[in-house]
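**Q** Spelled out from the first residue to the last, the chains are:
2 protein chains.
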Amino acid sequence: MRTTYCGLVSEALMGQTVTLCGWVNRRRDHGGVIFVDLRDREGYVQVVCDPDRPEMFATAEDLRNEFCIQIKGLVRARPAGTTNDTIQSGKIEILCQELTVLNPSVTPPFQLDDENLSETTRLTHRVLDLRRPYMQKNLMLRYRVAMEVRKFLDAKGFIDIETPMLGKSTPEGARDYLVPSRVHDGHFFALPQSPQLFKQLLMVAGYDRYYQITKCFRDEDLRADRQPEFTQIDIETSFLTEEDIRAMFQDMIVTVFKNTLGVDLGEFPVMTYQEAARRFGSDKPDLRVNLEFTELTDVMGDVDFKVFSAAANAKGGRVVALRVPGGAKEGTGLSRGEIDGYTEFVKIYGAKGLAYIKVNELAKGREGLQSPIVKNIHDKALQEVLTRTGAQDGDLLFFGADKEKVVNDAIGALRIKIGHSEFGKKSGLFESRWAPLWVVDFPMFEFDEEAQRYTAVHHPFTAPKDGHEDWMVTAPEKCISKGYDMVLNGWEMGGGSVRIHRADVQQKVFDALKISAEEAQQKFGFLLDALQYGAPPHGGLAFGLDRIVTLMTGAESIRDVIAFPKTQRAQDLLTQAPAPVDEKQLRELHIRLRNSAAAA
Amino acid sequence: MRTTYCGLVSEALMGQTVTLCGWVNRRRDHGGVIFVDLRDREGYVQVVCDPDRPEMFATAEDLRNEFCIQIKGLVRARPAGTTNDTIQSGKIEILCQELTVLNPSVTPPFQLDDENLSETTRLTHRVLDLRRPYMQKNLMLRYRVAMEVRKFLDAKGFIDIETPMLGKSTPEGARDYLVPSRVHDGHFFALPQSPQLFKQLLMVAGYDRYYQITKCFRDEDLRADRQPEFTQIDIETSFLTEEDIRAMFQDMIVTVFKNTLGVDLGEFPVMTYQEAARRFGSDKPDLRVNLEFTELTDVMGDVDFKVFSAAANAKGGRVVALRVPGGAKEGTGLSRGEIDGYTEFVKIYGAKGLAYIKVNELAKGREGLQSPIVKNIHDKALQEVLTRTGAQDGDLLFFGADKEKVVNDAIGALRIKIGHSEFGKKSGLFESRWAPLWVVDFPMFEFDEEAQRYTAVHHPFTAPKDGHEDWMVTAPEKCISKGYDMVLNGWEMGGGSVRIHRADVQQKVFDALKISAEEAQQKFGFLLDALQYGAPPHGGLAFGLDRIVTLMTGAESIRDVIAFPKTQRAQDLLTQAPAPVDEKQLRELHIRLRNSAAAA
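Just so you know, the protein sequences line up as chains U and E, in that order. Numbered by our numbering, the letters in the first sequence go through residues 292 to 891 in order. Numbered by our numbering, the letters in the second sequence go through residues 292 to 891 in order.
Treat the hints with care, since some could be wrong.
Because identical chains cannot be distinguished in the list, a pair is counted as satisfied if it fits within a single copy or across any two copies.
Within a straight-line C-alpha distance of at most 25 angstroms, the following computed DMTMM-like cross-link-like pairs (lysine to aspartate or glutamate) qualify [stated by the list, open to error]: (1) K363 <-> E534; (2) K756 <-> D739; (3) K875 <-> E740; (4) K814 <-> E410; (5) K638 <-> E333; (6) K875 <-> D476; (7) K666 <-> E533; (8) K708 <-> D851; (9) K814 <-> E879; (10) K597 <-> E760; (11) K620 <-> D516; (12) K694 <-> E737; (13) K655 <-> E558; (14) K756 <-> E410; (15) K814 <-> E874; (16) K717 <-> E740; (17) K638 <-> D802; (18) K649 <-> E675; (19) K769 <-> E675; (20) K363 <-> D376; (21) K363 <-> E533; (22) K506 <-> D445; (23) K875 <-> E520; (24) K717 <-> E511; (25) K575 <-> E389; (26) K575 <-> D512; (27) K649 <-> D376; (28) K694 <-> D595; (29) K597 <-> E847; (30) K620 <-> E675.
Source of the hints: derived by calculation from the structure; they are not laboratory data.
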């Protein structure tokens, strides 16, 4: 029905007759001639309808936006001065010879180029929203990313093997989506949170290199960057070391960025979890922000300012400064109102306040420092603050003092907030670049104060560093794992680990986590069983495809890179799912509603 | 940890030192030397452990089947007379220099090369079952097929776009798997039976060419070739005609077979639904079987044999013969017992019996025909039977007379059964070849006697042939659709249609199906709505990946091409899913069990 795409017509076809199909993006009448911008997924082309073909012209006069039409015409140069360099077809136009309306359109509820649509409008009329070049570009990039991943993995001998969607509920981690069984009364399947155990089983089964781009499910309350169903690039390999795996998948991501965006991510820095926490208060630091923590815990133990001394002396307490260069400069620095705003902001993360020192003039000593707290900090400590932060005139020093987690979260978030602010960008605190890194050497366990037991930082199948397995029972907090996360611009793109391949080591982890043998057998029996039959050394990782593409497109929301996403209330506004179902269906599944009025 | 795969070591590496990882397939002690067949996913290699390296030799002595080991050694020629031409590494062996046990194995519950394992054993110990080269070959072929499909579609501009797994229940067709919503009390998601509506929406949204290799779900009682979750190669395109679409996807399947099996499927015959039913009693005829129906309805109206005359005179009745060349030959033909067996067999399909005539000697006239029924068939009809079937001495003629559907099903199944039997194969009634074809021109509707209304033969979004839309209300039985099925060796590999792209035509189909405007709006409102906005002409199809790979591998069951399949009772024997869940989980989902003892 056509010879090429609208968006691909160029000077190369000059003088030729083409047939095109597409949608009327805009119709203009100008000097007795009708101009139609015809659109398809590849772009636009200008079609000119002259009145000297009256029948065709009459049809053209009736065209409205979003009519689906077919045209046949001659490719010719646009008149001088009317070319458009921003589109591929900008130097040419089509002189229309034949015009057929394939399907008319009623008037759309909004203009496709309206950039101020509410998300509710966009998701309710998703089909029209998906016609917008912005969405088409996003979804086409998403496809290219997935395909580049497949090509890369295929060349490395990875095999896509499908794992079940109808699996078993393992009540830990996030909440499962359940699927009642009709055949087995009172039994339920669960949709997978990840194919973790199956991919390990495939390694034990000798498939050597596995991947899958697959849906995973978590029934959690949704944050901006979460969806009930999301897509994971899931990978596992046998007989590679931690370093081999990192090198291979760094190469994969570098290749994908190069082949889709033309961006060279270069070599990724490798940073330990400990260093990331120390310098940035985060295990996914945004390295585009040129601000770092200064450690002060060791110097604040004996100051009069109780907030600092209490945190410095408490077990697990931390005191840090965040030096903001130029933050105290008259006129260009942070205003009183901004500082108050940041004080409120850090409270979200559990901080009780936000102490600061404005470094007005170092030469004046204490006189040159403007701060509500400085009088309660003795000379030696104050000198350490200034020396360690390298403070200069005009700098602003923020302080965090609390439990380590609160300090890291609050001052870590403040660091990002300031870096991304207008002030930060103007002051050179933010570099506009791609900033990837690996974060490695995660602890195996963290102590859960509430439950009074250790929990796994990655998951309980993560291998310890060689030699660390003996500490698992005696000193779990000392165990470092072979886990790794890939971070880009402060987002976790993916993560994984070398797995435990020996049943005895796996048992030690369960012991450290106080998972009883019975519980382990009931939940993971099939994995423990499999490890007994010559399981190979193996490891892998999983990337969040939605997130990667969101980062690559610069989209504001993950929902802009998913064709049919759910709202933050986990609803599909287009099809109105979820919805009530027939009583007969429930009966067949051996369930009933608790609240019989609910489905009314 | 290795330099190549075990199965890929060949003479090309002669004289080189290689490092390999794999599993001990077998260990033999022979003449003071230990031979280890080392296995990985690519195949086997023979490793020779000489006692002149005592430490290595001692480790080798402890090796048992399924130990996972790493070896380093020299590639050398096997001694003359010990080569094995059936494997890639059959001309060489590895002289072991270093040997490391990466992980020992307990004794497996069965030998991997045992070919008589029950399916229960295999699925319970699926990880070991998956180690068998048979399963590895199947799953690797499955991957290659999927990847070849992706490459083909990528080159044609198709884009993989993910559609939701959590969708809306549409209670028609098969039974849905439901997923209770936690956020919306009394509401449920449904897992998709196919992405049909979403792919049409993507065409309306202008994505032009879509595909997805995706899981679909049907909660049906399972037959041998069905699974609760199965994988569909789902495709949709805009602006192509029925013939364009068939040509493109014939090309795709031909390319896949060529690039994976090296098989050339050639040009596919195109057969109308009507012809397939007339000649083979099936809409997916196995053309490898050289047997055809002979139509006799028109000649049996006045015979004394009531079974024939009643069927011939009834509305929707049919009488046919199936001529089996050589079936009555003394010694080599069908035995009395076999004929009795077939008589029982056709009853499965609703036939009440199986009339037959043995054509012993045509020259003797009626004397030469041996049959319980021939005396009740008058000369003229008998002559027609012999002429139309082209019966020869030694042939056996089977008859079917009943409602058309019963005749088609029963005699169609008999045709396959005889064709595939030992007798059929010996008698040249079965050609061992790939026999693809397209079946086209399906009726739009069939009359459901029970419900006393028309139902859609494909689905209600299938377009009628041009001009047929006007019959949809006046004479639905005359409407032919733009539907098509691709059949291979009697299996439906895939099927699809050109879709309705105009809202007014879609409305006529709903009218013909007696779907009220309200019901249509409630179930498919979002599609009807979308069709109003300049929906493009579009169509597509879906292939069953599991089935295609089953056909290609010659596997006995679809379960042999799926890594972790469910049993026919819809259970995963490896992980024991489905399983009871916590009461807390049910409470969060606002449901309770009907039978509270069920989950005990």
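**Q** As a check of your reading, is K575 near D512 (CA-CA no more than 25 angstroms) within one copy, between copies, both or neither?
**A** within (22 angstroms within a copy, 48 angstroms between copies)
**Q** If the cutoff is 25 angstroms on CA atoms, where do K666 and E533 land: within, between, both or neither? Let me know, please.
**A** neither (50 angstroms within a copy, 84 angstroms between copies)
**Q** When Cα atoms must be at most 25 angstroms apart, do K649 and E675 count as within-copy, between-copy, both, or neither?
**A** within (16 angstroms within a copy, 110 angstroms between copies)
**Q** Can you tell me if K597 and E847 fall within 25 angstroms by alpha carbon in one copy, between copies, both or neither?
**A** Neither, since 41 angstroms and 76 angstroms both go past 25 angstroms.
**Q** Could you place K694 and D595 in one of the four classes (within, between, both, neither) given a Cα distance threshold of 25 angstroms?
**A** within (19 angstroms within a copy, 100 angstroms between copies)
**Q** Measure nothing new, just compare the shortest in-copy and cross-copy C-alpha distances for K694 and E737 to 25 angstroms and report within, between, both or neither.
**A** within (15 angstroms within a copy, 72 angstroms between copies)
**Q** Between K717 and E511, at a C-alpha cutoff of 25 angstroms, which is it: within one copy, between copies, both, or neither?
**A** Neither, since 38 angstroms and 63 angstroms both go past 25 angstroms.
**Q** Between the shortest in-copy and the shortest cross-copy C-alpha distance, which are at most 25 angstroms for K638 and D802: within, between, both, or neither?
**A** neither (37 angstroms within a copy, 61 angstroms between copies)
**Q** Under a CA distance limit of 25 angstroms, which applies to K363 and E533: within one copy, between copies, both, or neither?
**A** between (59 angstroms within a copy, 21 angstroms between copies)
**Q** Measure nothing new, just compare the shortest in-copy and cross-copy C-alpha distances for K814 and E874 to 25 angstroms and report within, between, both or neither.
**A** Only across copies: K814 and E874 sit 17 angstroms apart there, 33 angstroms inside one copy, limit 25 angstroms.
**Q** Measure nothing new, just compare the shortest in-copy and cross-copy C-alpha distances for K814 and E410 to 25 angstroms and report within, between, both or neither.
**A** between (41 angstroms within a copy, 24 angstroms between copies)
**Q** With 25 angstroms as the alpha-carbon cut-off, assign the pair K638 and E333 to within, between, both or neither.
**A** Close neither inside one copy (47 angstroms) nor across copies (58 angstroms); limit 25 angstroms.
Of the hints listed earlier, those the structure fails to meet are numbers 5, 7, 10, 11, 13, 14, 16, 17, 19, 24, 25, 27 and 29, in rising order.
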